[in-house]
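> One letter stands for each residue in the lines below.
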Amino acid sequence: MGELREVGTAPVPGPAAALIGRIRPAARRSWVVLPAALALAAPLLLSSYGVHVAIVALYYAVLGASWNLVAGYTGQFSLAHHAFAGLGAYASAGAVLALGFPVWAGIVVGTLAAALSGYLLGGLTLRMRGIYLAITTWAFAESFRILLAVNYQVTRGDMGLIVPLLMGTLDPVPNYYVFVGLTAGVLLLSAAVLRSKVGLRIRAIRDDEEAAAVRGIDVVRWKKFVFTLSAAIAGLTGAVYGHYIGLLAPSQVRFTEMAFIIISVVLGGFRSFWGPVVGAVVAEGLAEALRLSGEVRMVLFGFFVIVLMRAYPAGLVGLVAALGQRLGPRPKP
Amino acid sequence: MGQLPQVVVAGLMMGALYALMAVGITFIYSLMKMINWGMGEFYMLGSYAQLVLITLLLGPSLWFLGVPLAMVGVFLLGLAIQKGLLAPMFGPEAERRDEYATIVTIALSVLIQNLVTILAGPYQWSPPEYLPLVTIGGISVNGSRLAAAAGALVILGAFYFLVRRTWLGLAFLGAAQNRVGAEVAGVDVRRLDGLAFGIGVALAAAAGALLAPVFLVYPTNGAVSTIKGFEIIVIGGLGSLTGSVVAAFLLGLVESFGSVFISPAYQDLYGFVFLIAMLFLRPQGLFGERERRV
Chain A
22 MGELREVGTA
32 PVPGPAAALI
42 GRIRPAARRS
52 WVVLPAALAL
62 AAPLLLSSYG
72 VHVAIVALYY
82 AVLGASWNLV
92 AGYTGQFSLA
102 HHAFAGLGAY
112 ASAGAVLALG
122 FPVWAGIVVG
132 TLAAALSGYL
142 LGGLTLRMRG
152 IYLAITTWAF
162 AESFRILLAV
172 NYQVTRGDMG
182 LIVPLLMGTL
192 DPVPNYYVFV
202 GLTAGVLLLS
212 AAVLRSKVGL
222 RIRAIRDDEE
232 AAAVRGIDVV
242 RWKKFVFTLS
252 AAIAGLTGAV
262 YGHYIGLLAP
272 SQVRFTEMAF
282 IIISVVLGGF
292 RSFWGPVVGA
302 VVAEGLAEAL
312 RLSGEVRMVL
322 FGFFVIVLMR
332 AYPAGLVGLV
342 AALGQRLGPR
352 PKP
Chain B
907 MGQLPQVVVA
917 GLMMGALYAL
927 MAVGITFIYS
937 LMKMINWGMG
947 EFYMLGSYAQ
957 LVLITLLLGP
967 SLWFLGVPLA
977 MVGVFLLGLA
987 IQKGLLAPMF
997 GPEAERRDEY
1007 ATIVTIALSV
1017 LIQNLVTILA
1027 GPYQWSPPEY
1037 LPLVTIGGIS
1047 VNGSRLAAAA
1057 GALVILGAFY
1067 FLVRRTWLGL
1077 AFLGAAQNRV
1087 GAEVAGVDVR
1097 RLDGLAFGIG
1107 VALAAAAGAL
1117 LAPVFLVYPT
1127 NGAVSTIKGF
1137 EIIVIGGLGS
1147 LTGSVVAAFL
1157 LGLVESFGSV
1167 FISPAYQDLY
1177 GFVFLIAMLF
1187 LRPQGLFGER
1197 ERRV
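Respectively, the protein sequence lines represent chains A and B. Residue numbering for the first sequence follows the working numbering, beginning at 22 and increasing consecutively. Residue numbering for the second sequence follows the working numbering, beginning at 907 and increasing consecutively.
Isolated chain B, as found in the complex (with noise of 0.2 Å):
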């Protein structure tokens, strides 16, 4: 048992950044009441500003500004997307909103990763590490993992602050529950939804750019992260950011000690069966509301 620390670090150093996908997809989702599929192809455009920014121009002891100018540029992208694509299903002919946004979204998963394979190759890259080996308190950690881990508690610490300390936050908690009620409030929902797609976005870029070093660079290095994002959004219930942080969490530590209790190779896989389990138990998630249709 003298690994035990060891195995609890490395599930909540993973899960710090399972937490980012997975509030990005529960942020988009408790506004525009849509799954963006294309989650893991923002993830992978992340990686690649990343790549960009610390080995052409900003050099690699500078990672930690990479990840921010990344997460900007995805975030205007993201910001555009929802402009010209997203925004006009809520408009007044709109009909099956679920069906236009799980279609566009998916097409443009599409386009988006398979333009960047033309354009950059199919190719892994992998950029500099961030840190070296770090060894704390008798327990070695991977310092990559580690500064990534430590990121994505900052970006997470900024997301907090911002929904919950600030007018903009409260204006998208208020949407979120009541999308009516906020825009006779005077809130101009349209504009939240736009800053809401590109927030989330920006979330999943950051976990690409933070991850860059550990799992690499290539055109579809998004899909593990995103396939643990959807899983952990269900687990911690459907809508709740809590619900997608505890979650997370979760899952990173049960990852953890599958794969040092059970077997490394199916580490990808225990999430699949978390998600089961409690589909199962509790379908409505950890912290999510039991549904109710008129």
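Just chain A, same shape as in the assembly (with noise of 0.2 Å):
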């Protein structure tokens, strides 16, 4: 009986079914050399500008994916990650423009500026319905970005502030191996969180907060755990950003960078690993591809993003995953 089901479900077994069945648990882990050979060697393949919109792209993708694993994973929206990027970059300037710091430690001290900022913050608002966070999270980047701009003594405002350089030069090859270094830090370093207990913790939490209580989870605890790692990521990108583009201004923190953070990942795929860096680079290199102007391409993406959430949430990794299941061999009953 069993022997027949087994028959009755498998693919028809073809040459090809045959390779895909044989090499099935290695394509999982070329599923990860793939991308990583390409992201090495695109500056061989990319114009000068093309390496920059690359490096656009990762920053992106990184601040997606700190974002992802409160949102997605956790279930708190925080609507503040362009700001603690911003506070890392502006926390670094002031560290090394007015205390002489090297780069590298301005970088710290923006990292460690943008987490103690989620940690006070989630602290006030993480026990209490998500919807605090999100409102909390939201005035405080917008009181940053006022803050910043009626500084200008101090900030420069909107002339932008002129900082050091990270690799000490404006040409973005170096600066894109630094980009790739992080996204694949941030990326492994997630990975590691997701697969321990408090990555259990957090989906538990994000599935239903009492029943995750009730189960002895300190829910409290975890979620400022999560905000405050998240936080600290996109603190220091946003550092590590601001001393390679060399110029920071308060533009970087308007409400329109979060929306581009939450379209790329929605587009990529909400909650899914890949999601946010897939989505970050269809999204960075489609609007280069078709030369958009700004406001275009972000009514373009707020369609997609608004159809998207309408018809598929699931987004472009879903996708893929689903034509995957569909062409691969199927799973025995």
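None of these hints come from the bench; they were simulated from the model. The C-beta atom is built at its ideal place from N, Cα and C for all residues, glycine as well. Where hints are given, some of them may not hold.
[What the hints assert, rightly or not] Covered stretches of chain B, as calculated for chain A (at least 3 residues, CB under 8 Å):
1. 1007-1016
2. 1020-1027
3. 1132-1139
4. 1166-1179
5. 1184-1194
Dock chain to chain to rebuild the complex, using the hints, since each chain is given by itself in its own frame.
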């Protein structure tokens, strides 16, 4: 009986299917190897401007990954990740310019500043319903932007603050490898967190906070932990990016930036590990390929996201996974 | 201390306009249990509607007719958006409503803001003043601000009448208290959701239209009022209409006093300090109830 069923559901044993079946375990690993190789070789294939675009895409990919950790996996909507990035950048600039720190130490200061503000905001709001975190982080982000613009004697406001460069050059290629390393590091870190017990705890919190609390999970503590970690990653990314472009302005903390992070994550696949990376690369690449103005692309992306949320919330990664399941061997019943 | 009355009047006048924003946000929240992150864009649409109406169609002297017309236009838009995009989240297969509402309204706000920038340009338009400088009892007041505050009070009064003195208002309050209960009593809660969303965004549009000559008309002009609106609803207590109105006037006063006695440059930041202090001291807000969960 069992044999019959197996034969019935197995794919037609053609040579191609047999091959897919055989390389399946290895293919899983090549899932990571292939994009990694492509990422490392990209500067050979792209123009200098193309490499810059790739850096911007990785910047949004890392911010998206850190946001996904909080919003996607823990179910807590932060709307200040662009502000944490801005805070990291400005704090690092402050440490370097005013206190004479070396750039790497400035980046550490920026990371810690973002982590601290995340910890404090989380401490005030994460005891309550998720909506409090969203509103408070939103107000924090907008107030931070206003603070930067108002204190133009210190921050030089919209004229822009010139900061020293991390690699000592505006050439995007060495900076690109810094960003590839940063992206890989952050992805490894979030994979480690998600695979650990903490990862199970935060997913339990997302699925049902009360049930998680009943099972003995210190809900507030783990929400705070993930939010602080995620703010720290955003601060780190913002600081590194600031020292790459060498010019900071309050416009980097506009809410449009946060919206773009959310849009690219949803495009790629909300709550999927590769979603933020795929989304950011596709969104940035598409916008450059079509040579769209900033406004037109935001209108299109806004529209895409609404359609996606209504029709297919799993995003591009979900689409690819669904296709893979269709094409690959079906799991045995 | 001779300027004290002036400071108080200025604070209360701004408070009336903040109350429009805050009541709009709270009203939508209390029925649909969602935050509309696009509130600032509806404020902006209201201000553009008013600009077009009074410069092209009605003339500056009929500004008080422009405001209700702008509100009706935005109300209808809100109704359509609610029906097309937000109503489905109450469907049977809908999951994680907060998430859906947050992402969709943020995408919507990005879409509207950039669409308006494409259509009307990034320029700042300045509509004609509603009234010249007015002097009452030795206090001189910016005429347009006074007109805006008076208009806001009239609209808040009408809203109060709607909610507290009509059957429809009773249905709103019932549905806000207990959705299922109201449905059992024969109230069409889904229709109320649409109306509440429309009314909520129309209140934001009213604030935009009234403040058009004061804060000017441009694609991101809704941001500042929206920050205040969100701060107020937490300070007043999430879901409490009374709390929203009281906190709006309090914030108006705090800003007014802060800008006179501390520094006018930080006027838009006092609200955040107020919010943080409130979360620290009384997280449920002035009129909020302590949260209870199953």
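> Run every hint past the structure and note whether it holds.
Structure-based check of all given hints:
1. Counting residues of the stretch 1007-1016 of chain B whose beta-carbon sits less than 8 Å from any beta-carbon of chain A gives 8, enough to reach three: the coverage restraint holds.
2. Counting residues of the stretch 1020-1027 of chain B whose beta carbon lies closer than 8 Å to any beta carbon of chain A gives 4, which meets the minimum of three for the stated coverage.
3. Note: the stretch 1132-1139 of chain B has 4 residues with beta-carbon separation from chain A under 8 Å; the three-residue rule is met and the coverage holds.
4. Proximity of the stretch 1166-1179 of chain B to chain A, defined as three or more residues with a beta carbon under 8 Å from a beta carbon of that chain, is established by the 6 residues found.
5. Check result for the stretch 1184-1194 of chain B against chain A: holds, 3 residues qualifying (beta carbon to beta carbon below 8 Å, three or more required).
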